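Engineer: The residues making up each chain are set out below.
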Amino acid sequence: MSRFKPVAGAYVRPTGGWWRKNPYFVRYMFREGTAVFLTIYAVILLLGLNRLAQGEAAYNAWRAALATPWALAFHAVALVAVVYHSITWLRVMPKTAPRLPVDPALITKGGLAASGGASVLIIAVLWWVAR
Amino acid sequence: MTDVLATRMIEIECMRFNPATDSQPRTQVYQVPFDDDMSVLQGLQYIKDYIDGSLTFRWSCRMAICGSCGMMVNGIPELSCHTFLRNYFPHRVKVEPLDHFPVVRDLVIDQADFLNKLDIVKPYLIPAVDLPLTAGAHRQSPAQMDEYYQYAQCINCLLCYAACPQYGLDPEFTGPAALALLHRYNADSRDVGFDARAEVINAEAGVWACTLVGHCSEVCPKGVDPAHAINQNKVNSLLDYVGLRKLLMPAGEKS
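Protein sequences appear in the order of chains A and B.
Counting in the working numbering, the first sequence runs from 1 upward without gaps.
Counting in the working numbering, the second sequence runs from 1 upward without gaps.
Be aware that a few hints might be false.
[To be verified] Incomplete in silico selection of chain A near chain B, CB under 7 Å:
id : residue
1  : Lys21
2  : Asn22
3  : Lys95
[Unchecked claim] Derived DSS-like pairs (lysine-lysine); straight-line CA-CA distance at most 27 Å:
id : chain 1 : residue 1 : chain 2 : residue 2
4  : B       : Lys222    : B       : Lys94
5  : A       : Lys95     : B       : Lys48
6  : A       : Lys95     : B       : Lys94
7  : B       : Lys246    : B       : Lys122
8  : B       : Lys48     : B       : Lys122
9  : B       : Lys94     : A       : Lys21
10 : A       : Lys21     : B       : Lys222
11 : A       : Lys21     : A       : Lys95
Quick caveat, the hints were computed from the structure, so don't treat them as lab data.
Please read these numbers as outputs of a predicted model, since none were measured by experiment.
Idealized CB from N, CA, C, for every residue including glycine.
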């Protein structure tokens, strides 16, 4: 049973357009919005796996679709979005971790170094395989 | 060099709402003389004393400890006693009641919802054994105190609720301050109340309603980090759900 009763006649303000009122919320929405690009990119990769299972012709058709200007443009935008998403995600990471005896900034920096290092490693392996 | 003692004029735009006569809020602009050391609260007090006695707002201590004078100043939740007019001059200062709460009158909000949420988090120590006073003080090491001290600094000013869009969209959400205070007691070595508070944490309106916007921790005037309190309890909630919490955190161990 609630001890405190709401005041009768109090005015409840509408919440429409809340995220445009504060630059902080705009950045938050942008951060969350970039996840859409990440999801679409993951779905395209999964489709490729599916096409590979269907045979060589299907897989080559999938690869040809990726070489179109629209697909290239999407991947360029998605790359920027995913980089932004990763950086902002690693920035809030200390908030999601239990209390650790290290500087929270170190978690962010460690995450950035690890993801940067992993990206360089993957690019190096791909270059070595494809040369 | 600016003469810090010079009196200048600033415009303060206040949201006004009188439930007896208004169907919705309106705004009113006041010309207020101010010095460099005048807070927004003092600006409002000048209006009330010399221009318009009907302007209604809450305040008490004038030194950022009572938590009464929170309001939206140019769209950001602030303690008005802790926010200075000089930082807005020569622009107009827009003052509104704290976002997301029903407006009782002018700049005064209805706190009932928060006070009820404060009740459900059981914001008091739940000890394993009720010891008599003769048993003396319950000793605690500085490291144990450090686990919860930050969260004990909350002054219930509600700036974090005004900074939380999730609370604005879904008032069922237990919200930043109440969940930070819940964690304050759960993290205390003298407390064994995790299970008694688990229903609040685990509920859909509990920690899981937070999407880590993070503005709550930015606006807190006392350095509390509600976003961290809530999000580390997502881990606790998950461990509790799968039955691992007691295994990983034996009695006496606090997250």
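Engineer: Which earlier hints can't be squared with this structure?
Structural biologist: 5, 6 and 8
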